[in-house]
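Asker: Top line first, the protein sequences correspond to chains C and P.
Reading the first sequence from the start, the letters are residues 1 to 92 in full-length UniProt numbering.
Reading the second sequence from the start, the letters are residues 1 to 270 in full-length UniProt numbering.
Source of the hints: derived by calculation from the structure; they are not laboratory data.
Distance condition first, Cα-Cα at most 20 Å in a straight line; then the derived SDA-like pairs of lysine to any residue:
| no. | chain 1 | residue 1 | chain 2 | residue 2 |
| --- | --- | --- | --- | --- |
| 1 | P | Lys162 | C | Glu29 |
| 2 | C | Lys13 | P | Glu200 |
| 3 | C | Lys13 | P | Glu196 |
Each chain, written out:
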Amino acid sequence: MSLLDYFRSSKPKTASLAKERLQILVAHERSYRNQPSYLPQLQKELLEVIRKYVNVDQDAISVNFEQDENQETLELNIVLPDFQQTNKTINS
Amino acid sequence: MARIIVVTSGKGGVGKTTTSAAIAMGLAKKGHKTAVIDFDVGLRNLDLILGCERRVVYDFINVINGEASLNQALIRDKNCNLLYILPASQTRDKDALTQEGVGKVLDELSKDFEYIVCDSPAGIEKGANLALYFADDAFVVTNPEISSVRDSDRMLGILSSKSRRAERNEEPIKEYLLLTRYDADRVKLGEMLSLEDVQEILSLELLGIIPESKSVLSASNAGMPVILDEKSEAGQAYADVVARYLGEKLPHRFIDGKQGFLRRLFGGRK
Numbered sequence: 001m002s003l004l005d006y007f008r009s010s011k012p013k014t015a016s017l018a019k020e021r022l023q024i025l026v027a028h029e030r031s032y033r034n035q036p037s038y039l040p041q042l043q044k045e046l047l048e049v050i051r052k053y054v055n056v057d058q059d060a061i062s063v064n065f066e067q068d069e070n071q072e073t074l075e076l077n078i079v080l081p082d083f084q085q086t087n088k089t090i091n092s
Numbered sequence: 001m002a003r004i005i006v007v008t009s010g011k012g013g014v015g016k017t018t019t020s021a022a023i024a025m026g027l028a029k030k031g032h033k034t035a036v037i038d039f040d041v042g043l044r045n046l047d048l049i050l051g052c053e054r055r056v057v058y059d060f061i062n063v064i065n066g067e068a069s070l071n072q073a074l075i076r077d078k079n080c081n082l083l084y085i086l087p088a089s090q091t092r093d094k095d096a097l098t099q100e101g102v103g104k105v106l107d108e109l110s111k112d113f114e115y116i117v118c119d120s121p122a123g124i125e126k127g128a129n130l131a132l133y134f135a136d137d138a139f140v141v142t143n144p145e146i147s148s149v150r151d152s153d154r155m156l157g158i159l160s161s162k163s164r165r166a167e168r169n170e171e172p173i174k175e176y177l178l179l180t181r182y183d184a185d186r187v188k189l190g191e192m193l194s195l196e197d198v199q200e201i202l203s204l205e206l207l208g209i210i211p212e213s214k215s216v217l218s219a220s221n222a223g224m225p226v227i228l229d230e231k232s233e234a235g236q237a238y239a240d241v242v243a244r245y246l247g248e249k250l251p252h253r254f255i256d257g258k259q260g261f262l263r264r265l266f267g268g269r270k
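Start from the sequences and build out the full structure, keeping to the hints where you can.
Answerer: Written as structure tokens, this is what we have:
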């Protein structure tokens with residue numbers, strides 16, 4: 001280890017920070033890139049239909065699209081509010 | 001048929017116009033009749049970098065609108081008679097560019113030229129989209145800097161989905177990386193993303209590394225593409241890029257900067 005290395009090691013390496021941040025960001029952005037363009041509209045319409053029957057929040061529904069070599073998967077998640085609360089809203 | 005190259009990046013200020021001017025000149029110098037088109041309507045600059053700003057009479061939009069013929073608008077370069085420049089309009093707004101109009105101009109140029117270099121504006125709006133729409137090859141100009149790499153990745157997504165080749169399900173645009181403003185000394189100090197770092201994210205075929213170089217500004221001051229400055233590192237790096245694009249196998253240079261005296265003394269790393 002040289003003298004210069006000693007001084008260098010005391011400083012954080014900003015390039016590796018940049019790389020880590022980029023890897024996370026790019027992976028996230030790429031996952032959205034291949035999504036079909038109808039996805040936001042689908043999510044909106046599904047929410048409307050579900051709201052006819054159950055009072056759910058905007059973020060209670062998530063629609064995920066995944067693609068690998070063999071298949072495309074559309075995953076729909078609906079988180080229902082707890083039972084009593086649902087009853088109250090429907091009865092009121 | 002001409003080969004259409006788009007020089008693109010998403011981010012501004014990374015060296016698209018410098019690169020467009022340099023590679024167009026390089027291709028022409030190698031004996032290929034080349035046209036270089038400025039797609040930055042309203043903010044044209046390619047004419048300045050090529051030193052022909054006072055010879056602009058008609059522009060790209062005039063040709064699209066039928067107000068001038070292609071031959072009237074094309075400017076023959078003063079340094080190389082196989083290079084022609086089609087300047088952007090400085091006064092119109094970018095809506096004057098239409099896909100049909102751009103397609104027609106490219107078709108006409110294709111009959112007479114071997115290479116057409118499209119200098120894309122920054123951003124992902126109309127001018128940038130039309131610059132890449134008809135491309136066969138893309139030179140993705142990237143700085144070793146976080147926002148530039150992110151924007152390049154975004155451009156790669158657009159290249160693979162919004163081009164004519166993508167729409168027609170043809171062979172995709174061939175994408176190449178040009179890593180510009182590279183400072184090997186700062187990379188060694190861990191202050192700048194390295195070639196490897198950038199490639200880990202973008203993984204493109206590398207056409208060349210253009211080192212950060214004072215000669216780029218001097219060249220633009222003088223209106224001479226930097227590739228004509230054969231003594232400068234940037235000029236040599238662009239010459240390598242052109243040669244590699246044309247199929248020559250050259251080892252990559254400028255990855256490991258110069259060894260400074262102090263670093264040698266203190267045992268600097270390779």
